[in-house]
Amino acid sequence: NAGVTQTPKFRVLKTGQSMTLLCAQDMNHEYMYWYRQDPGMGLRLIHYSVGEGTTAKGEVPDGYNVSRLKKQNFLLGLESAAPSQTSVYFCASSYSGLNSPLHFGNGTRLTVT
Amino acid sequence: GDSVTQMEGPVTLSEEAFLTINCTYTATGYPSLFWYVQYPGEGLQLLLKATKADDKGSNKGFEATYRKETTSFHLEKGSVQVSDSAVYFCALSRSGSARQLTFGSGTQLTVLP
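Sequence lines, in order, name chains A and B. Using our numbering, you'd call the opening residue of the first sequence number 1 and step up by one each time. Using our numbering, you'd call the opening residue of the second sequence number 114 and step up by one each time.
Same shape as in the complex, but just chain B:
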């Protein structure tokens, strides 16, 4: 079946450091890929998405590129801020349908001033 594997956390960085959170997936066909973010005490919200190979999703300084050849969708940001502290979830949908969303286990990011 479909699966998403994220790098284990927690990840702790200093402000302005470079961030990479690894995400690899297993799925047949060409799934749509997503990054969701969960700030403390809140529900998840969509951060960015990519629906086909080589697409780059971007939002709020975060980027992720859909790499079919390595089945990866790594999240990157060039300079993190304290306000980026949150849990980040990678997810895929084989058909693009939310009914078939498979989430990774989440990566806790803490950014220190």
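For reference, chain A alone in the conformation it holds in the complex:
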């Protein structure tokens, strides 16, 4: 039972490079989320999706784009990476949006130099 799988686990980018983080869940969840985790700041929501083909902005969406072409996958893109995007990124999914527990992946540690 894989749950939520994130790839890659680690990545180093130079400023201005682009990349895509992949999140896949096998629990048939409707809702999916991308968070970033920074020291002393907890988790902040970047973008989320309430179903296949839908996306919406969270608290800190600038510099990121997302797509949900298939229900099980949620992609996070950085078109032109900046050092301020150095962070640990977590994907999560939930069955519904109301008091439903979030299931998290193990994270992607991204460093932008």
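Just so you know, these hints were derived from the structure itself, not from any lab. Misleading hints may appear alongside valid ones.
[Claimed, not checked] If you only want the chain A side, here are some residues facing chain B, beta carbon under 7 Å, derived: (1) Gly42; (2) Leu43; (3) Gly63; (4) Ser67; (5) Asn99; (6) Pro101; (7) Phe104; (8) Gly107.
[Unchecked claim] In silico negatives: residues of chain A with every beta carbon more than 12 Å from chain B: (9) Arg11; (10) Leu45; (11) Gly53; (12) Glu79; (13) Ser80; (14) Pro83; (15) Ser94.
[To be verified] Taking CB as the label site, the calculated pair distances span: (16) Pro61(A) x Thr133(B): 33 to 39 Å; (17) Val60(A) x Ala130(B): 33 to 39 Å; (18) Glu128(B) x Gly77(A): 20 to 26 Å; (19) Glu182(B) x Thr20(A): 27 to 33 Å; (20) Ala2(A) x Lys173(B): 21 to 27 Å; (21) Ser127(B) x Met19(A): 41 to 47 Å.
All of these numbers come straight from a predicted model, not from anything done at the bench. Where a beta carbon is used, it is the ideal one built from N, C-alpha and C, also for glycine.
Using the hints provided, position chain B relative to the given structure of chain A.
Below, chain B alone, put in the same frame as chain A:
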């Protein structure tokens, strides 16, 4: 806006000691409250929750009571184990929706044998 304040860590305890991690919140209305735990190298997972005032959430020996009068949701465990070493996050959702989850900054707990 909504906010969650956790006691600063790190917290270091000996095995079988009593644990309290303080959490207070600011929000309008009656938010749902959560504790998530992050074990080393893993994503967060839901530990317990409470959705209305005076509710007590409990799981794996951990407990937290939703105190509306003091706007608090302190996490307690009577006898900690080495395997409880992790980062603990308090969170609230004003509507119960995961799209409106606000996380605290996390408290690192280390339990020594």
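Hint-by-hint comparison with the structure:
1. Gly42: Holds: closest Cβ of chain B sits about 4 Å from Gly42(A), inside 7 Å.
2. Leu43: Holds, because the Cβ-Cβ distance from Leu43(A) to chain B comes to roughly 5 Å (cut-off 7 Å).
3. Gly63: With Cβ-Cβ at 20 Å, over 7 Å, it is violated.
4. Ser67: 18 Å, violated
5. Asn99: 4 Å, holds
6. Pro101: Holds, about 4 Å.
7. Phe104: At 3 Å from the nearest chain B Cβ, Phe104(A) passes the 7 Å test, so the hint holds.
8. Gly107: Result: holds, 6 Å to nearest chain B Cβ.
9. Arg11: 16 Å, holds
10. Leu45: Per Cβ check, Leu45(A) is inside 12 Å of chain B; nearest 7 Å; violated.
11. Gly53: 17 Å, holds
12. Glu79: 24 Å, holds
13. Ser80: With a cut-off of 12 Å, Ser80(A) remains clear of chain B, as the shortest Cβ separation is near 27 Å.
14. Pro83: Check passes; 21 Å lies beyond 12 Å.
15. Ser94: Contrary to the label, Ser94(A) does not stay out of reach of chain B, its closest Cβ about 5 Å off (not over 12 Å).
16. Pro61(A) x Thr133(B): 33 to 39 Å: With Cβ atoms ~36 Å apart, the hint holds.
17. Val60(A) x Ala130(B): 33 to 39 Å: 37 Å, holds
18. Glu128(B) x Gly77(A): 20 to 26 Å: 45 Å, violated
19. Glu182(B) x Thr20(A): 27 to 33 Å: Violated - the Cβ-Cβ distance for Glu182(B) and Thr20(A), about 47 Å, lies outside 27 to 33 Å.
20. Ala2(A) x Lys173(B): 21 to 27 Å: 23 Å, holds
21. Ser127(B) x Met19(A): 41 to 47 Å: 44 Å, holds
When each numbered hint is compared with the structure, violations occur for hints 3, 4, 10, 15, 18, 19.
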